[in-house]
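There are 2 protein chains.
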Amino acid sequence: DVTLINVFEVPQGREEAAITAWEAARDFLRQEPGYISTELHRSLSPDARFRLINVAKWQSPAAFEAAIGRMQAAEVFPRIEGLVSTPALYSVIRAD
Amino acid sequence: DVTLINVFEVPQGREEAAITAWEAARDFLRQEPGYISTELHRSLSPDARFRLINVAKWQSPAAFEAAIGRMQAAEVFPRIEGLVSTPALYSVIRAD
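Line by line, the protein sequences give chains A and B.
No gaps in the numbering here: position 93 of the first sequence is 381 in this note's numbering, and each next residue is one more.
No gaps in the numbering here: position 22 of the second sequence is 310 in this note's numbering, and each next residue is one more.
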């Protein structure tokens with residue numbers, strides 16, 4: 289497996305719009321081959337630098353990249369002004 | 289439970305030092321009351337913006353804050369020049 293972590297910097301007042309867009313992406317991606325699970329995290333503090341962080345599991349990097357390609361082509365959700373997302377694939381190197 | 293996500297920006301060539309420091313912190317924190325688990329993630333791509341991301345579970349915000357206070361007082365690991373860590377507590381708002 290591989291872990292997708294997407295770190296969001298959310299402009300003031302755009303949190304609900306960001307969550308709605310995330311839900312549209314989830315609804316698309318959960319149908320895609322290789323999808324395993326996802327958890328969207330929101331900071332307890334409203335002024336955290338990274339207000340939303342998504343942690344998802346995929347069977348392989350290739351499955352994830354293909355699914356993202358199809359999602360972008362399908363234009364599943366609108367661009368949100370000022371929202372910065374930094375997605376990257378990770379592996380767990382220490383677990384306890 | 290509550291989730292601690294610590295997002296690390298790691299300067300070129302400081303990755304091993306950052307992991308060693310993280311291990312020292314883990315060894316201290318795993319003894320603390322309220323600690324549940326932790327997973328350190330490393331990006332598949334070496335030039336990801338956030339090279340290391342830790343995702344840990346704690347029983348409560350108070351347990352986590354108290355443990356961090358004790359760790360800082362104990363000066364468990366050296367400061368690493370240029371390493372930026374952004375820890376924050378999160379709750380899961382969407383799971384799938």
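Please note that the accuracy of each hint is not assured.
Note that the list lumps identical chains together, so a pair holds whenever it fits in one copy or between two copies.
[To be verified] Keeping only pairs whose Cα atoms sit at most 16 Å apart, straight-line, the calculated EDC-like set for lysine to aspartate or glutamate is: (1) Lys345 x Glu327; (2) Lys345 x Asp384; (3) Lys345 x Asp335.
In short, the hints are calculated from the structure, not lab data.
Status of the hints after comparison with the structure:
no.: 1; hint: Lys345 x Glu327; result: both (9 Å within a copy, 14 Å between copies)
no.: 2; hint: Lys345 x Asp384; result: between (18 Å within a copy, 10 Å between copies)
no.: 3; hint: Lys345 x Asp335; result: neither (27 Å within a copy, 21 Å between copies)
Violation of the numbered hints given earlier is confined to hint 3; every other hint is satisfied by the structure.
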